[in-house]
Amino acid sequence: MPPGGKGRECSESCLDFLTLQLVQHYRSQLQGPSQQAALDAVGERVGRQLAERYSRDRPPLTEALEVMKWLCKEFWGEVFRKGVDNLRTNHRGTFVLRDTQFRWLARLSQNQMPAQMGQPLPAPIPKNELAADYLILPCAIVRGALSQLGLECNVTADATSLPQVDFTVVLASAAAGGGGGAGGGAAGAVARR
Amino acid sequence: METISAEIFTLTYGSMVRQLIADYEDVEEVNKQLDKMGFSIGQRLIDEFLAKSKTQRCSDFREAAEKVAKVGFRMFLNTTAAVTNWNAEGTECSLILEDNPLTDFVELPEALSQLKYSNLLCGVIRGALEMVNMDVECTFVRDVLQGDDVYEMRLKLLSSSPETYPFKDDD
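First to last, the sequence lines map onto chains A and B.
The end of the first sequence is residue 226 by our numbering, with every number in the run present.
The end of the second sequence is residue 172 by our numbering, with every number in the run present.
The hints are simulated quantities; they were obtained by calculation from the structure and are not laboratory data.
Please read these numbers as outputs of a predicted model, since none were measured by experiment.
Misleading hints may appear alongside valid ones.
Covered stretches of chain A, as calculated for chain B (at least 3 residues, CB under 8 Å) [said to hold, decoys possible]:
no. : region
1   : 46–56
2   : 65–71
3   : 80–87
4   : 105–115
Yeah, the Cβ is synthetic: ideal placement off N, Cα and C, and Gly gets one too.
All chains, full assembly: derive it from the sequences and hints.
And the structure:
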C-alpha cells in the first residue's frame with residue numbers, strides 16, 4: 034500500500050458512514066448554518082477538489098457538452114462507482130443525467146419501522162422525501178465539479194423512482210439567458226451507454 | 002469488503018472538518034463534535050465489523066484492543082495500528098498509527114495547532130466498543146499533524162459488563 038494517498042483504498046462503507054453521519058449531524062443542529070447550506074459547502078469543496086484531481090492529466094474541455102460527457106463517464110465512474118446511464122439535453126443549457134442504480138442511495142430503506150404484531154405496516158415514506166436529505170451532498174459535489182471546470186450551474190435531483198435518480202443540471206448561462214426553462218420534455222438523447 | 006479510492010473519503014472528511022471549524026469557530030468544540038460524530042458512526046459500524054470480520058468473541062480487553070488495531074483498521078481504512086504501552090492491570094494501552102489515511106493531503110495552519118484532526122477515530126472506537134459492553138476513553142496523545150512522529154491514541158477501559166445468560170433484549 035503506497036503511503037501518501039495516491040492509489041490508496043478504503044472500504045466503501047467508510048464513506049457511507051461518513052456521509053450518513055454528516056446528514057444526521059446537520060439535521061440535528063439547532064444553531065449554525067442550515068443543513069442545506071452546510072452540506073452544500075462541504076460537497077462543493079469535495080467536487081472541486083476531485084474534479085481538479087481527475088482532470089489534471091487531460092487536455093482542457095472547452096465545450097459544455099464535452100464537460101458533461103466527461104462528468105457522466107469519468108467523474109461519475111470514480112465517485113459514484115458507475116457511469117451515468119443516460120444523458121439528455123435540450124441544447125439550451127439544461128442536461129438531465131439519469132443513473133438507474135444510484136450507488137449512494139442504494140441502501141436507503143423505505144420502511145422505517147418494523148412491523149408490529151397485529152398492526153398494519155406504517156405507510157412507507159415517499160421515496161423523494163426520504164432521499165431529499167441524502168441528495169444534497171451528491172448534488173453539491175456535481176455542482177462543485179462543474180464549477181471547477183468552468184460551468185456555473187444549478188443541480189437538482191429527483192428520486193421518485195429510486196434506485197433511479199435523475200439529476201438536472203441547468204447552466205447559469207442558460208438560466209440567465211432565459212433560454213433554459215425546465216425543458217426536459219424536449220430533450221434529445223445525446224449519449225447512451 | 003467493497004473498496005473505493007480513499008481519496009474521496011479523505012477529501013470528504015477534510016471538507017467536513019473545515020465546515021465544522023467554520024461552524025464552531027472554536028477548536029475545542031470541533032474536537033468534541035468530531036468525537037461525538039465518530040461515536041455515532043462506531044455504534045453503527047460495529048454491526049458491519051461483527052458481520053464481516055468473522056472474529057470470535059473477545060475474552061478480555063487486551064484481545065479487543067488487538068482486534069480493533071489489527072482487524073478493524075485493516076478492514077475499514079486499509080491500514081493497521083500497533084498495540085503497545087500496556088499498563089500493569091491490562092486496562093490501558095496505546096494504539097500507534099504510522100499511516101493515517103485521514104490526513105493525506107493535510108497540513109494544519111498555526112492557528113489550528115490544537116485541532117485534533119483525526120478525533121473522529123477516537124469516537125468510532127469508543128462507540129464500537131460501547132456496543133460490545135466496553136466503556137472506554139480514547140484520546141489522541143500524539144499526532145503527526147502537530148509535529149509528532151506517529152499518531153498515538155490512548156485507550157483506557159473504564160468498565161466492562163460481560164453479558165450474562167439469560168441475555169436481555171435490547172429495549
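Now for the hints, and whether the structure bears them out:
Interface restraint, the region 46–56 of chain A with chain B: holds (9 residues with C-beta to C-beta distance below 8 Å; minimum three). With a threshold of 8 Å between beta carbons, the proposed coverage of the region 65–71 of chain A by chain B holds, since 3 of its residues qualify and at least three are required. Coverage of the region 80–87 of chain A by chain B holds [criterion: at least 3 residues with CB-CB distance below 8 Å; count 3]. Given as covered by chain B, the region 105–115 of chain A passes the check, having 3 residues with a CB less than 8 Å from a CB of that chain where 3 are the minimum.
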